[in-house]
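What follows is each chain in one-letter form.
Protein chains: 2
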Amino acid sequence: MAESNFVELAKNAKAASKKLASISTEIKNKVLLNIAQSLENNRDRIFEANNKDLKEAETLVKNGELSSSIFNRLKLNENKMRDMIKGVVDIYELDDPIGKILLQRELDTGLVLTKKSCPIGVLGIIFEARPDVITQISALAIKSSNAVILKGGKESANTNRVIMEVIQTALNEVPEFPKNVLTQVFSRDDVAQMLQQDKYIDLIIPRGGNSLVKFIKENTKIPVLGHADGICHIFVDESADLEKAKRVVVDAKTQYPSACNSVETLLIHEKFSGKDKLLEAVKQAGVEIVFNPESWHKEYSDKILSCKVVSSLDEAIEHINEFSSGHTESIITENRENAEIFMNNVDSAGVYHNVSTRFADGFRYGFGAEVGISTNKTHARGPVGLEGLTIYKYTLQGYGDIVEDYAEGIKTFKHRDLL
Amino acid sequence: MAESNFVELAKNAKAASKKLASISTEIKNKVLLNIAQSLENNRDRIFEANNKDLKEAETLVKNGELSSSIFNRLKLNENKMRDMIKGVVDIYELDDPIGKILLQRELDTGLVLTKKSCPIGVLGIIFEARPDVITQISALAIKSSNAVILKGGKESANTNRVIMEVIQTALNEVPEFPKNVLTQVFSRDDVAQMLQQDKYIDLIIPRGGNSLVKFIKENTKIPVLGHADGICHIFVDESADLEKAKRVVVDAKTQYPSACNSVETLLIHEKFSGKDKLLEAVKQAGVEIVFNPESWHKEYSDKILSCKVVSSLDEAIEHINEFSSGHTESIITENRENAEIFMNNVDSAGVYHNVSTRFADGFRYGFGAEVGISTNKTHARGPVGLEGLTIYKYTLQGYGDIVEDYAEGIKTFKHRDLL
Numbered sequence: 003m004a005e006s007n008f009v010e011l012a013k014n015a016k017a018a019s020k021k022l023a024s025i026s027t028e029i030k031n032k033v034l035l036n037i038a039q040s041l042e043n044n045r046d047r048i049f050e051a052n053n054k055d056l057k058e059a060e061t062l063v064k065n066g067e068l069s070s071s072i073f074n075r076l077k078l079n080e081n082k083m084r085d086m087i088k089g090v091v092d093i094y095e096l097d098d099p100i101g102k103i104l105l106q107r108e109l110d111t112g113l114v115l116t117k118k119s120c121p122i123g124v125l126g127i128i129f130e131a132r133p134d135v136i137t138q139i140s141a142l143a144i145k146s147s148n149a150v151i152l153k154g155g156k157e158s159a160n161t162n163r164v165i166m167e168v169i170q171t172a173l174n175e176v177p178e179f180p181k182n183v184l185t186q187v188f189s190r191d192d193v194a195q196m197l198q199q200d201k202y203i204d205l206i207i208p209r210g211g212n213s214l215v216k217f218i219k220e221n222t223k224i225p226v227l228g229h230a231d232g233i234c235h236i237f238v239d240e241s242a243d244l245e246k247a248k249r250v251v252v253d254a255k256t257q258y259p260s261a262c263n264s265v266e267t268l269l270i271h272e273k274f275s276g277k278d279k280l281l282e283a284v285k286q287a288g289v290e291i292v293f294n295p296e297s298w299h300k301e302y303s304d305k306i307l308s309c310k311v312v313s314s315l316d317e318a319i320e321h322i323n324e325f326s327s328g329h330t331e332s333i334i335t336e337n338r339e340n341a342e343i344f345m346n347n348v349d350s351a352g353v354y355h356n357v358s359t360r361f362a363d364g365f366r367y368g369f370g371a372e373v374g375i376s377t378n379k380t381h382a383r384g385p386v387g388l389e390g391l392t393i394y395k396y397t398l399q400g401y402g403d404i405v406e407d408y409a410e411g412i413k414t415f416k417h418r419d420l421l
Numbered sequence: 003m004a005e006s007n008f009v010e011l012a013k014n015a016k017a018a019s020k021k022l023a024s025i026s027t028e029i030k031n032k033v034l035l036n037i038a039q040s041l042e043n044n045r046d047r048i049f050e051a052n053n054k055d056l057k058e059a060e061t062l063v064k065n066g067e068l069s070s071s072i073f074n075r076l077k078l079n080e081n082k083m084r085d086m087i088k089g090v091v092d093i094y095e096l097d098d099p100i101g102k103i104l105l106q107r108e109l110d111t112g113l114v115l116t117k118k119s120c121p122i123g124v125l126g127i128i129f130e131a132r133p134d135v136i137t138q139i140s141a142l143a144i145k146s147s148n149a150v151i152l153k154g155g156k157e158s159a160n161t162n163r164v165i166m167e168v169i170q171t172a173l174n175e176v177p178e179f180p181k182n183v184l185t186q187v188f189s190r191d192d193v194a195q196m197l198q199q200d201k202y203i204d205l206i207i208p209r210g211g212n213s214l215v216k217f218i219k220e221n222t223k224i225p226v227l228g229h230a231d232g233i234c235h236i237f238v239d240e241s242a243d244l245e246k247a248k249r250v251v252v253d254a255k256t257q258y259p260s261a262c263n264s265v266e267t268l269l270i271h272e273k274f275s276g277k278d279k280l281l282e283a284v285k286q287a288g289v290e291i292v293f294n295p296e297s298w299h300k301e302y303s304d305k306i307l308s309c310k311v312v313s314s315l316d317e318a319i320e321h322i323n324e325f326s327s328g329h330t331e332s333i334i335t336e337n338r339e340n341a342e343i344f345m346n347n348v349d350s351a352g353v354y355h356n357v358s359t360r361f362a363d364g365f366r367y368g369f370g371a372e373v374g375i376s377t378n379k380t381h382a383r384g385p386v387g388l389e390g391l392t393i394y395k396y397t398l399q400g401y402g403d404i405v406e407d408y409a410e411g412i413k414t415f416k417h418r419d420l421l
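Those protein sequences? They're chains Z and Y, same order as listed. For the first sequence, the residue numbers in my numbering are 3 to 421. For the second sequence, the residue numbers in my numbering are 3 to 421.
No lab work stands behind these hints, which were simulated from the structure alone. Here the structure is a predicted model, which is why all the values come from computation and not from measurement. Backbone N, C-alpha and C fix where the C-beta goes; we use that ideal spot for every residue, glycine too. It is possible that part of the hints are untrue.
To be verified - Think about it this way: if two alpha-carbon atoms lie no more than 25 Å apart in a straight line, the pair counts; the simulated SDA-like pairs of lysine to any residue are:
#, chain 1, residue 1, chain 2, residue 2
1, Y, Lys223, Z, Gly210
2, Y, Lys216, Z, His299
3, Z, Lys201, Y, Lys223
4, Y, Lys102, Z, His299
5, Y, Lys21, Z, Thr116
6, Z, Lys118, Y, Pro99
7, Z, Lys201, Y, Phe325
8, Z, Lys21, Y, Lys102
9, Z, Lys223, Y, Lys223
10, Y, Lys118, Y, Ile103
11, Z, Lys305, Y, Ile412
12, Y, Lys118, Z, Lys21
13, Z, Lys21, Y, Ile412
14, Y, Lys21, Z, Ser314
15, Y, Lys223, Z, Lys117
16, Y, Lys246, Z, Thr116
17, Z, Lys413, Y, Lys88
18, Z, Lys117, Y, Ile103
Claimed, not checked - Non-contacting residues of chain Z with respect to chain Y, defined by C-beta distances greater than 10 Å in every case (computed):
#, residue
19, Glu5
20, Arg45
21, Thr111
22, Lys156
23, Val193
24, Gly211
25, Asp278
26, Phe325
27, Tyr401
28, Glu406
Starting from the given sequences, assemble the full structure and let the hints guide the process.
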């Protein structure tokens, strides 16, 4: 897309976002149900478009230009279609995150400050070959009154195009809903342009592999919500219970090895007597164990586990704070004090005690929907629910109040909380 | 400072921040009182250093290399010294923002998720000639358990150096308090290096004029908390009360014209009958009024006011959303519905009704201390208190819990809130 066209598109999204800010929960929910219905009614059309993408992708896989894991993610089947539609209905059922009163304070008699949640504005979403991301992000954006510009992977372009058409038809059936809330772009060049529009786009959410996220973080001044690496650790302390250690480590490595919350490095206290039995159990589960300092910053996303023997809790904490990506870490110990020290001093979004790292997930946390998992140190951290797509504004209601009265001591602030 | 030295310094600050994360409220408060005491005991030394700076600055002012307003901000007097010390005591008195439980949820029996506030990590502060920023930011950082690297203006280098020495002496008297929590750097080159340390510095807070803030935002990938421009608007609606309009506009423009929350553009509804009387009152207050579209994006910081006549509430809202810096805007109206529409649709940190824009301030909002005012759309917006220097982490406490049990349907999540 020509630069001027992209700017125009971003401007329109911004204008739509201003209109969205005052849209009612009822209209948003009506739109969400309409989308679910429209997806249901157009299953065949969507499968057809997906088959077209799959055919083209098959050739790429044969030529070694596309991995089979990407191919699998691209493929829609009955189950995925059902989950996709259910995901929209789930978001319909969640509380509206907008307009929540977070603070209400009388600064002085009749001078009332209110802090209220409101949308962020325009989201830029860049995702790889997972067509269900469109419906999920569109629904999340609508529920949180944000406009969104989506750029999907080229492998799923046909599927993405048809899904967006189906969604737009559903939106058009609700005339009160503003135009230009959802926009899709397709070219690689559009990504570069999106990353430059810090005047119109308020938050970028990348949904994809490390290299995509890293590239985005390196190339934009817009805040980015997400995580590049997922290098999670488990520390098995001196006093760990062997059975818990075995269960948790095997689950964290093998339950879904390519997930970002899978464990990558196992630290074992040198005085833990169950060390050999633990390692034996991990190997039995089909996991290759690597003792090599060069593996400490590796995310295998596979049944391979880095391992290091440490001489103290402190050494474990220091190792984690040095090599972790700040995602999720767990300590296995029967010593409560050590668990406390670990959870206080490890600087990651999730710090667990006697639990598998695989629990780091918005649905498991009970958020109802997940925007993504963030390793940022500002705004939102860990699994992010709808709340992560909101910010707040302050309203102040008075009767001609001026600061001069307070500066001159004619009036004084009361600061009485009303909530 | 050589690049390798700066990296070392930033690394040490990061290491200090990890130790700070588990420091008790008692120790932090002890340190804060010690600092206040130490400043009190070293008033003469600080004034002496400040006189040295003032002497050098005087020559610069004479040669036209330094503005007299910067000279005034540089100058410490008895009042400013008292406020500086009082500011530290005020922060001592505030609640500890760290370790607050924000959510506690039983995911399943005996599997408890806790969301707890924690420090961000390392702050980078870049400020101009206001030596009181050092004591304020140091106290805020200590209370919120963050480490900080400070870079002040070169005009106040002597004052800054002595104040930091006094603070460090106070810190050293509390052996439990970690080393390297506060570091000061001095050269212009250090700013460039600070902006590059996104591995070690988590948040940059600029305290100074537009050009400083703009430069910083343009040149770093680290999140920046603050605002560049402060282009605030007042819209006087058709049904405005003339007396309220006069009071509010005059206060917002003249009470402290160089403040970021002063009004810069006045929008008047064409059907507002009091228009001439309002403008007359504003002129009487010594304000120059400019009717010129080129002035719409200007921040005068002086007794000059841009003015535009608009034909509707919508036009006023559109003008503001186009030209505002997203700081603070006010509507003067007796029409409650119009006030609601204005406050919902204007996308700024503060949206007021019948109130002067000058109220946008952390102390006036009752936050007890102010980190700065943010026009960001993520993390923190508007006047930011101590809370803006915190983020959160999730702890999960269990007994060997694994995800496989839930994936296989052996167990199901309960998601029962405990708080």
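Cross-check of the supplied hints:
no.	hint	result
1	Y:Lys223 with Z:Gly210	holds, 20 Å
2	Y:Lys216 with Z:His299	violated, 35 Å
3	Z:Lys201 with Y:Lys223	holds, 16 Å
4	Y:Lys102 with Z:His299	violated, 32 Å
5	Y:Lys21 with Z:Thr116	violated, 36 Å
6	Z:Lys118 with Y:Pro99	holds, 21 Å
7	Z:Lys201 with Y:Phe325	holds, 12 Å
8	Z:Lys21 with Y:Lys102	violated, 36 Å
9	Z:Lys223 with Y:Lys223	holds, 6 Å
10	Y:Lys118 with Y:Ile103	holds, 5 Å
11	Z:Lys305 with Y:Ile412	holds, 24 Å
12	Y:Lys118 with Z:Lys21	violated, 35 Å
13	Z:Lys21 with Y:Ile412	violated, 47 Å
14	Y:Lys21 with Z:Ser314	holds, 17 Å
15	Y:Lys223 with Z:Lys117	violated, 29 Å
16	Y:Lys246 with Z:Thr116	holds, 21 Å
17	Z:Lys413 with Y:Lys88	holds, 21 Å
18	Z:Lys117 with Y:Ile103	holds, 20 Å
19	Glu5	holds, 19 Å
20	Arg45	holds, 26 Å
21	Thr111	holds, 13 Å
22	Lys156	holds, 27 Å
23	Val193	holds, 17 Å
24	Gly211	holds, 20 Å
25	Asp278	holds, 20 Å
26	Phe325	holds, 13 Å
27	Tyr401	violated, 6 Å
28	Glu406	violated, 5 Å
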